[in-house]
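Q: Chains S and G, in that order, give the protein sequences.
Our numbering applies: residue 1 is where the first sequence begins, and numbers increase by one.
Our numbering applies: residue 1001 is where the second sequence begins, and numbers increase by one.
Don't take each hint at face value.
To be verified - List time: in silico EDC-like cross-link candidates among lysine to aspartate or glutamate, alpha-carbon distance up to 20 Å:
id, chain 1, residue 1, chain 2, residue 2
1, S, 207, S, 182
2, G, 1177, S, 7
3, G, 1170, S, 44
4, S, 99, S, 44
As the list claims (entries may be wrong) - For each label pair, taking beta carbons as the anchor points, the in silico distance ranges come out as:
id, chain 1, residue 1, chain 2, residue 2, range
5, S, 154, G, 1100, 35 to 41 Å
6, S, 154, G, 1176, 43 to 49 Å
7, S, 193, G, 1163, 38 to 44 Å
To be clear, the hints were calculated from the coordinates, so they are not data collected in a lab.
Positions of the beta carbon are idealized from the N, C-alpha and C atoms, including for glycine.
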Amino acid sequence: MKFQRKDVLKSPWLSLPSAFLLVLMIVAPILLLLSYSFSGAEVEGILPTQFSVSNYVSLFSNNIFSNLMLKSTVISLEVTVICLLVAFPCAWALAKVVKEQRRNFLVILIIIPFFISQLILIYAIMNFFQPKGILMEILAFLKLADVKSSILYTRACVVLVLVYEFLPYMILAIYSSLEAIDNSEIYAAKTLGASKFRILRSVVLPKAMAGIRTGVILVFIPVMGSFVEPNIVGGPNGMMVGSLIDNQFTTSYNMTLGATTALVFLVALLIVVALINLLFNLISNHKGVEVK
Amino acid sequence: MKSKLNLFSKIWLYIIIALLFLPILVVIINSFNSSRFGTIPINFTLKWYEQLFTKSDLLNATVLSIWFSLLVALGATILGVITAIGMRNMKPRMSAFFSLFTTIPVIIPWLVLSVSLLILFNVFSIGRSYVSMFFGNLIVCLPYVVLMVSSRFTKSSTITEDAARTLGAKTMTILLKVTLPSALPAILSGSLMAFVVCFNNFVMQYYLAPFGVRTLPLEIYNMVRVGCEPDINALATIIILFTVIPLIVIHKLGYSNQIAVKK
């Protein structure tokens, strides 16, 4: 038998370069973050030499961090819930109501904003809301508000901008799960005399749950980490925990405290996400029992 | 299915789409408006475009961003395709683990990722530089290529490749004539995604760009913090057009649904 050389195209080792890159660029930096957070002094050379928990002590000694963390969590939950409530009817209409020929076009329309740079979207909103801008002109014309006032630089504006930015994610996530529901199941439930609410609760929601979960995760995580929106449109009351981390790295140059803040933020975020996942598991188990 | 609820949801959908596009349309209209604040009535002008192309820093930033994103997209595509070919040969559990591993850069908030990369590059004493900016953006663009291309590879069988091999084709010939062409639409969509993600990635560039170098997102950030400059309107209009065109290309290649699911 002739010896057959193993072909490179059949080898799993082709993935090695990017595995190496991922370890170097993801695992190593997170480990560095960990070691920096335990450094007792500003790091001079390559790695920290003095170890202490002083960064953690100073992070929790005042309640700036915990307050901002709490505020960010509340803002992110608000944004996520608003997105969910707004997106569900949209996704339903997209998946089940509009004509098939028009659906693809509408999906493309919803994809467009999430390919446009975040900065341009924020700029567009600012432009829209600015004093003497179009919205204020119209409101002033209707004698509803002063032309020079604006909701820019408030906490509400941060929420609004974030909803505007992340709504497409939610719509598309829910849409993809609703689209998978077989229409005949809904007809079956209807024929068997189920009310609209009952159909929604027992047929549609259990199937939509996977999409809702994806959407919630896709919106919640980036919103928690956002600092551009609070920095630009937040004003003094719109600061989020991301702004604090950003400040420590770009303004006060306190790398070790910044590393600590970023790490604690990451851990807290993972805990909140785990809790959200747990909540979804509880809901879907509950539904499962009910369907039986 | 006709009912009041369905009618409501349909009207709601159209209202929401209209609201999503309203601020964007206002930007486009304002780019032709001679008043700084976009006051009505609109006096048609092209002076902001003229200002953009003659005086503004925005154009240089855009050119830099385009070249940089092309380079990153090229890197991500080459690396991503090689990775996807490797993943196809892994045992199912291993490749499931690997694709999860690959998506980590998308899951971790980019803020945390970029500040820790900044520390990493400081340790290597590279600090903020083009090299660090390149690798930082590469690592967040890579998942999009890998996911898109590997979903294509698991679907297509390796039978044609085996046939070519039996007929005596060399590895390079198989790669160029069989493997890559069979996945071409996925590779193109993946590299377009990588380009767009890199072009728009503010956070990475904010932390890793060399001091004084401003890519487009950084330039816009600095301008917006100071106040609205009307030539941003003109640039935004051009960029929106350039964003919509690749999207239509992806749509024509038949990958729009996949993006919706993947992102």
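Q: Against this structure, judge whether each hint is valid.
A: Structure-based check of each hint:
1. A distance of roughly 10 Å separates the Cα atoms of residue 207 (chain S) and residue 182 (chain S); the hinted pair therefore holds under the 20 Å criterion.
2. Our distance criterion of 20 Å between C-alpha atoms is met by residue 1177 (chain G) and residue 7 (chain S), whose separation comes to about 16 Å.
3. A threshold of 20 Å between alpha carbons decides the hint, and for residue 1170 (chain G) with residue 44 (chain S) the separation of about 53 Å lies outside it, so the pair is violated.
4. Using a Cα cut-off of 20 Å, the hinted pair residue 99 (chain S) and residue 44 (chain S) is violated, with the two alpha carbons roughly 64 Å apart.
5. A hinted range of 35 to 41 Å for the beta carbons of residue 154 (chain S) and residue 1100 (chain G) is consistent with their spacing of about 40 Å.
6. The given range of 43 to 49 Å is broken by residue 154 (chain S) and residue 1176 (chain G), whose C-beta atoms sit roughly 57 Å from each other.
7. Taking 38 to 44 Å as the suggested C-beta distance range, the pair residue 193 (chain S) and residue 1163 (chain G) does not conform, at roughly 57 Å.
Of the numbered hints listed earlier, those contradicted by the structure are 3, 4, 6, 7.
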